[in-house]
Structure formats: structure tokens, C-alpha cells
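*Asks:* Assemble the complex: chain G is given as a structure, and chains U and Z must be docked to it using the hints.
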Amino acid sequence: MTQPKFSSGLIITDLNDFIAPTQECVKPIVEVEENTKDNKSAKISLSLEKENENEKENENEIEIEKKPTITKYKRVQVSLKDCLACSGCITSAETILISQQGFQEFISHFQQNDQEIIVLLSPQSRASLASIYDIDSSKVHNLIYWIFNKYGKAYVYDTYFGWEIYLMEIINEFISKFRKENKRKPLLVSTCPGWVCYAEKTYPDLLIPLMSTVKSPHMLMGFLFKQYISKIQKKEPKDYYVVSIMPCYDKKLEVSREDFYDSKTNIKDVDSVLTTSEVQDFLTEYQEEITNLKFLEEKSMENLKEFNTINEENKKIYGRKDKGSGGITEYLFRKLAEKIFNYPKEKIPEISFKNLRNSDFRIATLQDFKNPENKIQFAQVYGFQNIQNLVRKIKMNQCNYDIVEIMACPFGCLNGGGQAKVSEKYLELNQISKMKFFEKIQKNYFNDFQFVERDPEDNKEALKIYHDFFLPLKEKRLNTEYHNRKENTTENAGLTTNW
Amino acid sequence: MQNPNPIIFETQKIQRIPKESDFDDNIEDEIDEIEIFEMLRNIVDPEHPLSLEELNVITLDGIKVFNKDNYVLVNFTPTIPGCTMSTLIGLSIRTKLERSLPSRFKFDVLITKGTHNSENDINKQVNDKERCRAALEQPHLLQIVNDCIRPSLQNQTKKKRK
Amino acid sequence: MLRTLQTFPLHKDSAWDLAWNHQKNILASCSSDKTIRIFKEQMNQKTKKNEWICSSILEESHEKTIRSVDWSLDGKYLASCSFDGIVNVWKYSLKNGQNDFECIASLEGHANEVKRVKWIFSTESKNLLATCGRDKTIWIWEQINETEYECLAVLTGHSGDVKYISWMNDSKFLISSSYDETVKVWQKSKDENHWLSLDTLAGHNSTIWCCKPCGNNCILSCDQDNKIILWKPKTDIETLPEQKFLSGYSLFEEDSEKTEKNKIWQKFVVISNAHKRPIYSLEIIEPLTESNSELIFLTGSGDNSICIFSVIDSEVKIRSRYENAHPNDVNCVLYLKEKEMITSCCEDGIIKFWNFKK
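Residue numbers (full-length UniProt numbering), protein chains in the order written: chain G, 1 to 499; chain U, 1 to 162; chain Z, 1 to 358.
These aren't lab readings, by the way, just hints derived from the structure by calculation.
Don't take each hint at face value.
What the hints assert, rightly or not - Derived pair list, reagent style BS3-like, types lysine-lysine, alpha-carbon separation capped at 27 Å: (1) G/Lys153 to G/Lys235; (2) U/Lys106 to Z/Lys12; (3) Z/Lys190 to G/Lys421; (4) G/Lys443 to Z/Lys190; (5) Z/Lys12 to U/Lys129; (6) Z/Lys263 to G/Lys421; (7) Z/Lys234 to G/Lys425; (8) G/Lys395 to Z/Lys91; (9) G/Lys393 to Z/Lys64; (10) Z/Lys190 to G/Lys425; (11) Z/Lys91 to G/Lys393; (12) Z/Lys126 to G/Lys354; (13) U/Lys124 to U/Lys64; (14) U/Lys124 to Z/Lys276; (15) Z/Lys64 to U/Lys129; (16) Z/Lys172 to Z/Lys126; (17) G/Lys393 to Z/Lys76; (18) Z/Lys172 to G/Lys434; (19) Z/Lys64 to G/Lys395; (20) Z/Lys190 to G/Lys436; (21) U/Lys106 to Z/Lys64; (22) Z/Lys263 to G/Lys5; (23) G/Lys5 to U/Lys124; (24) G/Lys393 to Z/Lys126; (25) G/Lys180 to G/Lys339; (26) U/Lys68 to Z/Lys276; (27) Z/Lys276 to U/Lys106; (28) Z/Lys126 to G/Lys395; (29) G/Lys434 to Z/Lys190; (30) U/Lys113 to Z/Lys276; (31) G/Lys354 to Z/Lys190.
Next up, chain G with everything else stripped away, as it sits in the complex (with noise of 0.2 Å):
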């Protein structure tokens, strides 16, 4: 069984050194009220010690109740929800929580519950997968449905669609920010939870008012089919089980923050998160199938046409040709020399990438056509360490840039703590070393042959929902919040600090 390996950003965060898995952490206790027979709900009262069992009460005092009862205090669930809003425990507890969204947990689910699954693949674990069983990306997608149909119906999608909308929001937020603001300030654009939790429970009050507040495309696709098709196919949130095939454990996290989960309908946007890792580990039963690709026999899947993944024409597969985390500067920099820069279609440049101290730390410029003083600084900041320089730039009002991108992962999500491992026997077997490995997984993400761009704003049917479905009700549908969790300064903040 895979250990759940965070993000450093995360790790960072992690101030306990223990809690054995059988301890709980210290949570306050909550009262929970007791339904009677009746059905009414009625408070739970204390017992009244009377010490003189002959005192008589006042008569003009109102008896709480007529029989002594004793107080029951509810032992109080933890869920990860719960470890996220407490500050800084990420416990072992919580990687107990964790490995309960793992692939039994997934199982034993569904043999309970009737629901249609929807399972989300997102492209660097389709990459990771395709590298690892030496298929291609496509046939992942079948591996994928020829798997999860075992244990239900299930529809395999990726993440493509989410980040159409994504991008398109991402544009109109930085463009409205961009005129408003008269000072230079960084736009934090990021889909990483690793980043998110880093930046709420280390400088909060510095980083969240520069945090791009639109969801990830993960959550916006979870979204999308839990309100949005739902209504279409006629069923209810509840009739949808969506599970997301992510790059890292962080994303576990993500789907379990408070922002998204209805309380009062008890849905949540996605419901749960398998690393590729997990379910690496669970493929290993089926090595056989998968050498003889007996997983293909299964029918092609019946695809929601408006999130088909695959160009019609030339049969390619929709991808983002990046570094491996979804293209989001690149795209940002080609959009606004548009749409700010008013550069027309043929003479927008290519951007251009100066590494600083090294790849992970990346700075573009893009110049006003007409203008050149003008200029827009887009900067890319991948792993811990680049994204303390950035936060110290930031902190002493020294950060230049307009736009950063930043992942917790060095080489970015394609390094993910959760992807495929690869042992030293596996490298030696096919003769290949770790970074023609690493290579190929690259080639996986994004090639010419197999893969092509598509702008969200060719996708007519993405347009359609953007404008229809999420515009309306942005703050609801397309925003989300962060939340300050630096310090606990609750009553109990002594008994539950850490040293």
C-alpha cells in the first residue's frame, strides 16, 4: 500500500509529531441534541445535584425536567473537513482519513449504493498510466471505464472541459483586475490545494487577497455534473458518485474543504479523489489483462458528447501543450495579447520563457503591440522553495510580476507526490533511465501526433455554459473562498497546541 505522500508546501504545515492512529486529536466537544419519540427535538439537560435531597424546589421555579438524565456527550467524528479547519494538524490521523478515500474505501461504496459513476482522469495521471503500462493516452481512458465498470456504471471523462471553462474565467478575472488596479500586484493564479493550504495557514492576510478566487477545473467539473447535467439527464446531485483520478494526495484534500460540500443537501461537488498511485496498486491484480489488452474488448463508452475528449476530424486527443500543469501561462499570455494588447491572431508571439535560478522559476514578458513600455510580467513558480522567494518578494512589496502560476511540485503536477512510482527493477527491465522515463511521460502528456490544443472559445458548447450556466450565479458556481487558518486562538488553543 502506497504511503500518502503530500506536497512540501503541505509536509511544511505539519507541525505534529505524532498522533498514533488511534487517538483522536483534541477537538472541542459538541452537544448534540437528542430526538425524542416524539420526534421533536428537545435539549439535552443536566442533572440538577441537589445536595440536600430533602430541599424542596421553589415553586415558582420552572423544573428543567422531571426525570434525571445524564448528559451524553456524542464522540465527535473527525473528518478531514474538520483536520483542515483546525490549524496546522495534518496529522496521522488525517492520513488515516486519507487512505479511507482510497480504492477498498471506493468499493465497499459502491456496494451499498446504486449511483452512476462519474470518474474524472485528469491528464497527468492519464499520462502517468499510459507510461507506466506502456499504452497510449487513449487506451487509458478505456483501461479506465473497462475498471470501473466492475463495480457499477461508469463514465469516463477528462478534465479538459473543466479547464475551458477555467481559462475563460481566469481571462475575464485578471482583465477586470487589470483595469481596476492602479498599483502592481500580483495575480496568484494557481489550481494546486497544496499552495492553497500553504498560503492559508502561513500568510493569510499577505496572500489571500492576491489569490485568483475561480475554482479549479477539477471542482468546476465536479460541479458541472452534480448541478448541471444532473438537471439535463433528468436525476438528482445524489444519483451522481464522482470520483476524480488526480497526480497527488493534496487534491484529496481539496475536495474536502467546507466551500464544497452543500450542508444542507449533503452533496459534495466531488466525492472522492484516487491517487494514479492507488490505482496503480490496484491494477496490479489485473497485470495480465492489461499486458494483453483485454481491457479493449470492452465496447467503446458512451461519452456525454459535449465533453468528448477527442477531435472528431483528426481523431486526436484535446490537450494542453505545456509542461505538464495545464498550460495556464501560456494560455493567459496568447489570450491577453489579444484581448488586452489588441495584437491581431496572426502576430501574436510565442512566449518566451527565461529560467531564473532554475526551470521551476520562470519569467515571460509580453509587450503592447503598439506600446512596447507596456508590458505584462507573467512569472511560473513550481516548488516550495521557489514559492518561499516568491512569498518574501511579495511580503517586502519587491514582486514585479502581474501574473504568477504556482504549483507546490517541482517539475509541476507531472512530479506529483500521488502519480505511478516506477521501481529501480522496472527501470532495468526496459532498459530505460529515470529521466527518459520521466521524458516519456512528458510525451504522454502532450505530443503533436496524438494530441491537439483547442481554444475554449471554439468550443461552442463550453461558451454555452460558461455564459449560461455559470455566469448567472459566478460567485456560487465559478468562485470559491479562502479561509484565514493561521492560528487557533480558540479557548482550547493551549491544549491543542503542538510542540
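*Replies:* Chains U and Z alone, transformed into the frame defined by chain G:
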């Protein structure tokens, strides 16, 4: 609260039977188990308004003093094997000893063998002087430790010790 | 062979660490009283003899215990790190013959207490700083200029509070020891700024307070259980294949930690029960070299004593033991060859200068 109904033990009326040498100012009174017990018995649990003696966390048997070697060993027993307040209780005991014992003494504060699931981890943390020092520099934590220790100050023997 | 020269009961609370500058003429000490004291030698006008005096007190720079101080190799900067999570950099200069210190930079980043700070020169002769702390990480910083520092790397790998770090072979290797009972050796990858865990030395059964290189790529470490271990490398570490170091990618399983054949350092000598309480500090008096096979080192312990050990091959001898060197735990011992002096500092705040004759 983990253990809302802890068992309360009766406090022992431990009496020291005075010896003749106690009244002789020229003979140094050795520090013994009873004196350490006096220092610690009234330290209060962080959650219940009860003393460590009443909760049987500190007992006379759990204390060993080696005067000639300048060493004190205190064993304490958490109320339940999963008690998460154990490190805090250990820290309070340690802090009380640091403040009250003559500086020639070295001491260890350990969980009574077999009485806690994470015995080794807790012993390690409580006996790491650097960790304890840093802990007491955290205001919230210091406050809680001081609150636990305060009730025990009233019963302090006031003799100056070498 | 140890004779007290001078005693300084100046710190009002525990003195934790001492550091000599590169020119070996200034000593810095730090304490829980949140100050740093600077000592220098001066001619006493009355006795016409050289003596040490406390020439400056650096105050109001940290909000909590100052745990460690270290001088840069060019002698220009002093770094101090504290339980408040901050590392301060002081600029040292001589103004009218007086030692002057100015706090020019504050490095933030560690999530909680910073335990140690150690300077070194990078291969491009820039000042590099390594810091470690309770957040289980080791940070490597580069001094871009006096007031600007850039974080080069954050080393994660230890599963507990990192207590001590030291550099070996200039900036080629970094050794760290931790609450998690292991010593790790780190090396910088040749391609980019990635530091990789080259080896994890397991053999202690308690928190390791100090780890230092003692010559010939050997490592000496001491722990909470009064044990000292001398580790020797099995192979020539200069010639290890580069492929081994290509990491930073989380995809590749870290089995280098698991297989015995990949382990480089091995326990060579284990010294147990030489002290009765935890050993907090080690200092090498005579390192192992091609021409010297007798390792001589000092220990400072929680049993108030300072001990001098000699190790030839696997034979250990205690050359001398000074019980009651201090009335309380000895937190740090340093050796100054040029002046035949040992300095030590104690839990009660006292700093002592000793004359040491081999």
C-alpha cells in the same frame, strides 16, 4: 473531554513522622520521595478540576529519589491508555520539578510502564529539554501549564534547599 | 590538563551555543535570555596580561530563546536563529577599534523553532546558510547580497525535529541529525538545486543531539541515551556514480534507503555509558587524516561533565574526564587550537574559558 467520568481516588494523608535530626539545623535534610510527592500531588489535570493525586496519576510509589546521585525519577500514570493530555501533564510535572528542585538534581519524568499506548513517544517528548523549553515559550501553552501548577504552590514547603 | 581561565556568569538564563569567528579572535554566545554576547581579548591595563572580556551585547533581535549562532567563513557576518522561527543576519565591522554589529536581514520561512544555523562557502564562493528546525526541514539559503537571501532548497526527509546540521568537505555534503534517531547525509545534485538524501544512518535509539564530520569522511554523532557513534564510509564517496543522484522526481521509489548495498556509512565504533546523562555537544580536537589515525574529541554532557576521548582504529580511551565542569548541563563545547583553549557554556548561563594542554 475524553474521560468525562474519571475515577477519583482518595487523597492519602501522608504524614511525615518527624525525626530528631529534622530539628537539628546542622544536619541537612535529605530530599526524599515524600517531599517530591508534596511538590507534585496538587498539580491539577488540564481538563478536570482534580489533582494528579486524586486521579492517581501521581503516586508516592511512582517516585524514586537518589539523593547521593542527585537524581529523581517520577513515573506518572495517565488516566486512560489513550489519554492525549499526557504530554501536557508530563510537561507540567517537569516544569514544577525544574522550578522547585535544587539545581543539583537531574530528573526524568516517565510514563509508568504499560499504561499508555504511546508511552515511548511521550517519554521522548517530555524528556527532551529543548522541546520543553520551546513549549514554555508559547504563551497559550505556558498559561495552561501555569494553571495546572498553581494549586500546588499553596502546599509548597518553604525551606530553602541547597 | 583542563584549567579554568575565566568564568563569565553573564547570561541570565541558559546559554545554548558558542561560535568562534574565522579569525578566531571573537566568540559569540547565545541564550534563553534572548541576547547574544560577544567576547574578545583585551590587554588588561593593570595586570598587563591579555584577558577575555564581554565587549558587546546584542539585544532585542529575537522574541524567544536564541538557540544557535554561527559566523560566516569570511568573518563578516554572524547569524543567529531562535525559537521564534526567525534567523537574523548581523553584519560585523570594526568601528574605531570597537566591535560593531548591525542586524541587516531577517530570514523567515521555518514554520516553528529554528534549531541551528551553519554557514559555508558555495562552489562559487558565495555565502550559503543552512538552517534546520522542529518543522523537520533543512533550508539552504544563498546570500545574494547583504540584505537579500534566496532560498535554494528545502530538504524534507527527516520524520522528526532536526537538531543539528554540519557541512562536510566544504559545501559538498550536509550532515543532519534528528529527533527521529537518524543521521542523514545530503548532497547537491549536479544539474539543479536539488539536494538529495545520499544516506540515512540508523543506529541510534534516541534523539541525536549532535553530528559532526571528523575527518576522512567519517561522522561522529551523540545522543540522548548517552551514546556516541563513529561512522565510516564503506566506499570512496567522491567517486559515486552520478545517476544515483538524479532525483527530485517523486515518481521514483526511494529504495536507496532500503537496500543494504546502497548504504555508504556504517557504524564503526559505538561508545556507550561514558556519560550518565544525554550528550549535547561534540567537538573534534584532532580529526582523522591520511597521516593521523587517532581521533581525539570532546564531549559536553547533561551530567555536568566534559570528557576527552581518543579513538585509534576501534579502540576507545577516555583521556580525561572533568566532572562538575559546570554546575549544570554542558550545552556546548568548542576547541580553539590556536590559543589552546576550550570554551564551554552551561544551562545556568555561565560561559567558561579553559586552558587546554594536550
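*Asks:* Please work out if lysine 190 of chain Z and lysine 436 of chain G have their alpha carbons no farther apart than 27 Å.
*Replies:* With Cα atoms ~17 Å apart, lysine 190 of chain Z and lysine 436 of chain G stay inside 27 Å; holds.
*Asks:* Please work out if lysine 443 of chain G and lysine 190 of chain Z have their alpha carbons no farther apart than 27 Å.
*Replies:* It holds: about 25 Å lies between the C-alpha atoms, which stays within 27 Å.
*Asks:* Would you check the hint for lysine 234 of chain Z and lysine 425 of chain G, treating anything up to 27 Å between C-alpha atoms as holding?
*Replies:* 24 Å, holds
*Asks:* With a cut-off of 27 Å on the C-alpha distance, tell me whether lysine 263 of chain Z and lysine 421 of chain G pass.
*Replies:* 22 Å, holds
*Asks:* Lysine 124 of chain U and lysine 64 of chain U: Cα distance at most 27 Å?
*Replies:* 19 Å, holds
*Asks:* For a C-alpha distance cap of 27 Å, please report whether lysine 124 of chain U and lysine 276 of chain Z respect it.
*Replies:* Distance of about 17 Å is within 27 Å: holds.
*Asks:* Checking one constraint from the list: CA of lysine 180 of chain G to CA of lysine 339 of chain G, max 27 Å. Satisfied?
*Replies:* 16 Å, holds
*Asks:* Keeping to a limit of 27 Å between CA atoms, is the pair of lysine 64 of chain Z and lysine 395 of chain G held or broken?
*Replies:* Given pair lysine 64 of chain Z, lysine 395 of chain G holds - Cα atoms ~23 Å apart, limit 27 Å.
*Asks:* Holds or violated: lysine 276 of chain Z and lysine 106 of chain U, Cα atoms, limit 27 Å.
*Replies:* 10 Å, holds
*Asks:* Holds or violated: are the alpha carbons of lysine 68 of chain U and lysine 276 of chain Z at most 27 Å from each other?
*Replies:* Since the Cα atoms of lysine 68 of chain U and lysine 276 of chain Z sit roughly 14 Å apart, the hinted pair holds (cutoff 27 Å).
*Asks:* Would you check the hint for lysine 263 of chain Z and lysine 5 of chain G, treating anything up to 27 Å between C-alpha atoms as holding?
*Replies:* This hinted pair holds, its Cα atoms lying about 23 Å apart.
*Asks:* Mind checking the alpha carbons of lysine 106 of chain U and lysine 64 of chain Z for me, to see if they're no more than 27 Å apart?
*Replies:* With a Cα-Cα distance of about 25 Å, the restraint between lysine 106 of chain U and lysine 64 of chain Z holds, given a limit of 27 Å.
In terms of the numbered hints stated before, the structure departs from none.
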